[in-house]
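> Using the hints, position chain U against chain D.
Respectively, the protein sequence lines represent chains D and U. Take the first sequence: its position 195, counted from the start at 1, is 195 in the numbering used here, and no numbers get skipped. Take the second sequence: its position 212, counted from the start at 1, is 212 in the numbering used here, and no numbers get skipped.
Just so you know, the hints here were simulated from the structure itself, not pulled from any lab data. Each hint should be verified, as a subset may be incorrect.
Below, a list of computed lysine-lysine pairs in the BS3-like style, where the Cα atoms sit at most 30 Å apart [to be verified]:
no., chain 1, residue 1, chain 2, residue 2
1, D, Lys161, D, Lys225
2, D, Lys361, D, Lys161
3, U, Lys32, D, Lys213
4, D, Lys323, D, Lys361
5, D, Lys161, D, Lys337
6, D, Lys131, U, Lys68
Remember, predicted model here, so these are calculated numbers, not experimental data.
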Amino acid sequence: MKKFAVVAAMATALLGSTAVMAADLEVTHWWTSAGEAAAVAEFARVFEEQTGNHWVDSALAGSGTGANPVIISRIIGGDPMGATQMNTGRDAEELIQAGLIRDLTPIVEEMGGLDFYVDQSLLAPCTYDGKIYCFPVNIHSWDWLWLSTKAYETIGQPVPKDWNEYVASWPALEEAGILPFGLATGWPFSGIPGVLMSGLGGSDLVLAINRDKSADAVRGPEFRKVAEALDHLRSVISPDMMVPSFGDVGNQLLEGTAAGNIHGDWLQGDLQVAGGVPGVDYECLPALGLGDQLTGGGDSFYFPVLPEGTDPAVIQAQTDLAKILISPEAQLAFNLKKGSMPIRTDIDLSGANACMAKALKLLDNGLLPSGDFALSSDTQQQMQDLNTEFLDDDSITVDDYIERYASIIESAD
Amino acid sequence: MADTAVQRVEGAGISGQRGFLRKTFVHNLPAKIAALPMIATVLIVFVGCTLWTIYYSFTNSKLLPTGKFVGFDQYERLFGTSRWNVSVTNLISYGAMSLVFTLVLGFLLAVLMDQKIRFESAFRTIMLYPFALSFIVTGLVWQWIMNPTLGLQTTIRNLGWTGFSFDWIANPRMVLFALLIAGLWQGVGFCMVLMLAGLRGVDDEIWKAARVDGIPTWRTYVSIVLPMMRGVLVTAVVLIGSGIVRLYDLVVALTNGGPGISSEVPAKYVYNYMFSGGNIGQGLAAASMMLLTVVIIMIPWAYLEFGGKGRQS
Numbered sequence: 001m002k003k004f005a006v007v008a009a010m011a012t013a014l015l016g017s018t019a020v021m022a023a024d025l026e027v028t029h030w031w032t033s034a035g036e037a038a039a040v041a042e043f044a045r046v047f048e049e050q051t052g053n054h055w056v057d058s059a060l061a062g063s064g065t066g067a068n069p070v071i072i073s074r075i076i077g078g079d080p081m082g083a084t085q086m087n088t089g090r091d092a093e094e095l096i097q098a099g100l101i102r103d104l105t106p107i108v109e110e111m112g113g114l115d116f117y118v119d120q121s122l123l124a125p126c127t128y129d130g131k132i133y134c135f136p137v138n139i140h141s142w143d144w145l146w147l148s149t150k151a152y153e154t155i156g157q158p159v160p161k162d163w164n165e166y167v168a169s170w171p172a173l174e175e176a177g178i179l180p181f182g183l184a185t186g187w188p189f190s191g192i193p194g195v196l197m198s199g200l201g202g203s204d205l206v207l208a209i210n211r212d213k214s215a216d217a218v219r220g221p222e223f224r225k226v227a228e229a230l231d232h233l234r235s236v237i238s239p240d241m242m243v244p245s246f247g248d249v250g251n252q253l254l255e256g257t258a259a260g261n262i263h264g265d266w267l268q269g270d271l272q273v274a275g276g277v278p279g280v281d282y283e284c285l286p287a288l289g290l291g292d293q294l295t296g297g298g299d300s301f302y303f304p305v306l307p308e309g310t311d312p313a314v315i316q317a318q319t320d321l322a323k324i325l326i327s328p329e330a331q332l333a334f335n336l337k338k339g340s341m342p343i344r345t346d347i348d349l350s351g352a353n354a355c356m357a358k359a360l361k362l363l364d365n366g367l368l369p370s371g372d373f374a375l376s377s378d379t380q381q382q383m384q385d386l387n388t389e390f391l392d393d394d395s396i397t398v399d400d401y402i403e404r405y406a407s408i409i410e411s412a413d
Numbered sequence: 001m002a003d004t005a006v007q008r009v010e011g012a013g014i015s016g017q018r019g020f021l022r023k024t025f026v027h028n029l030p031a032k033i034a035a036l037p038m039i040a041t042v043l044i045v046f047v048g049c050t051l052w053t054i055y056y057s058f059t060n061s062k063l064l065p066t067g068k069f070v071g072f073d074q075y076e077r078l079f080g081t082s083r084w085n086v087s088v089t090n091l092i093s094y095g096a097m098s099l100v101f102t103l104v105l106g107f108l109l110a111v112l113m114d115q116k117i118r119f120e121s122a123f124r125t126i127m128l129y130p131f132a133l134s135f136i137v138t139g140l141v142w143q144w145i146m147n148p149t150l151g152l153q154t155t156i157r158n159l160g161w162t163g164f165s166f167d168w169i170a171n172p173r174m175v176l177f178a179l180l181i182a183g184l185w186q187g188v189g190f191c192m193v194l195m196l197a198g199l200r201g202v203d204d205e206i207w208k209a210a211r212v213d214g215i216p217t218w219r220t221y222v223s224i225v226l227p228m229m230r231g232v233l234v235t236a237v238v239l240i241g242s243g244i245v246r247l248y249d250l251v252v253a254l255t256n257g258g259p260g261i262s263s264e265v266p267a268k269y270v271y272n273y274m275f276s277g278g279n280i281g282q283g284l285a286a287a288s289m290m291l292l293t294v295v296i297i298m299i300p301w302a303y304l305e306f307g308g309k310g311r312q313s
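Next comes chain D alone, as it looks inside the complex:
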């Protein structure tokens, strides 16, 4: 009996020590809207269930422009978090070069490679000198034309099947007092040129400009079509009809006060929260209904190098989290809530809605590198300035736009 008690005591002590081994891991991200918060909670749930570690959630407001600087300055300033989300792209390039981000190659080797990624090009921004420094966790795409079923019922026309039909319907819409194109102020406009580029210009143009940084391609006839489409688009947009946030455009579409919008797939989260059903209340056309490839970006997780003297349990927790984020279970739970495409398709996606199903089909054709993906944040900022100025100032002609776009691409690094 006494012996049993000793064994029991030892067992409890052991159990106790494993509980002490459980580490707190601080994770920063900017997923703060309702749908996003629900999605990231799935990651936390799977992580805590499978490892017994504690996920310390540090959500930061302000996304790419507000939260990203905070994350970067914390890493540079020597106060790194356990793990952080950032956009898949070149934002962290210099952090990797400076040796501030943990090399994940050993983990990849342990898992036996990353062949399950649906498109290996997703890993390109994470790869530096042949080593892997981050794991993309989802695929987002800008390339969506959203159309309001109700607006087209009002004018008695069928909902367009592609961009050209949509443009042809503008005069009828304007006559009926419906906004042809709903738009929110600020950054949403800056994503539109890229969508027109892949939809109207085609995959070759996107590769020539974003990947090869060819200014000649910008001055070529294909890009001119894109600039002219943009010029036509700005003629139906007026600043006093713009709404404060892209979610409001979603409401305009559901109400039928605006007929269409180009925006990334995260708009779908807002449409769903507002009670919209794809195919009934709104239609979605990937790649403007013209192209057969999507430009892809998304979010990745980075694991900063922790200062010396950090509890090994925390470093182990980093390793565990890295594996869990891309595991089938976490991928499924996360992406169904987030409305984005998972990075692996070897999972049961029957829960996906009509729009996501269309996107998954296009995923087989491979992804195109989006501007986010291929251009440095400096170049992106210059593009954004140019686009904002072009939208508002009619004195900038199509020729000026092309020339300034070309000079930005020429000086891109």
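Just chain U now, kept in the frame of chain D:
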């Protein structure tokens, strides 16, 4: 004072030089030791960081300050960027209007307040209240008021005046005035309180003397009281001026630089390129240009203020 020191140096030669060293380093030693932390702060934080900023504006640093020297490349790019040029023009027009209107309105309100009116402290509180709000709150409040589809314009139209139009915030030519309204609403109260304190500091005897001489009240204000308030005026100008140069949060909250780039300001350019653009070199070049502007304004003022006094004594 100065004359005697010169005489001593001429007369005593080497011992005078030692006296100078003694005077500089040993005389009143505790006070000098007490001033050391302040001197160190000034040298390291202000001068040091300024030099650091200027140095790195000549490099091609991106996210980290590690770039190599590239001469004036960042400045060339800066002045070739239409967004920067629009920002500078905007700041100059906003600054001039804001300075003039804040001073004039602040002074007029202070004079009205000075007429020994009833409930003065209540009025003072109301006028000063906007100053207690941050620019972010100010900007958001006015954004809603001036939004053409949600705010004042729609309200008045719904009341029956369908021709009423107030869409400054969406109009590239008028958006600076929209900023000005919000800025004045926030800042005039503070200027008024400063001026009021200055007015109250003027001796009653002066008013009595002016009245005996039969000088009209407005004339007394303009020609006698206003010149006597020089100290308060300088304080007000410096405070308003520094508020203008660092104008940022109001723009971010009210228009975010729009429509298009028609209400961009330099501080926003610096922030955007340093943080979201990840281009420290470009951001610091813009910051150095802001510093240069301040220096250009400050040097003549400092010369008048301090140089003038030296000549008097």
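> So, for every hint listed, does it hold in this structure?
Against the structure, the hints come out as follows:
1. D:Lys161 with D:Lys225: holds (20 Å)
2. D:Lys361 with D:Lys161: holds (17 Å)
3. U:Lys32 with D:Lys213: It is violated: about 60 Å lies between the C-alpha atoms, which goes past 30 Å.
4. D:Lys323 with D:Lys361: holds (27 Å)
5. D:Lys161 with D:Lys337: Between Lys161 (chain D) and Lys337 (chain D) the Cα gap is close to 28 Å, so the pair holds against 30 Å.
6. D:Lys131 with U:Lys68: With a Cα-Cα distance of about 26 Å, the restraint between Lys131 (chain D) and Lys68 (chain U) holds, given a limit of 30 Å.
Going through the hint list in order, the structure does not satisfy hint 3, though it satisfies all others.
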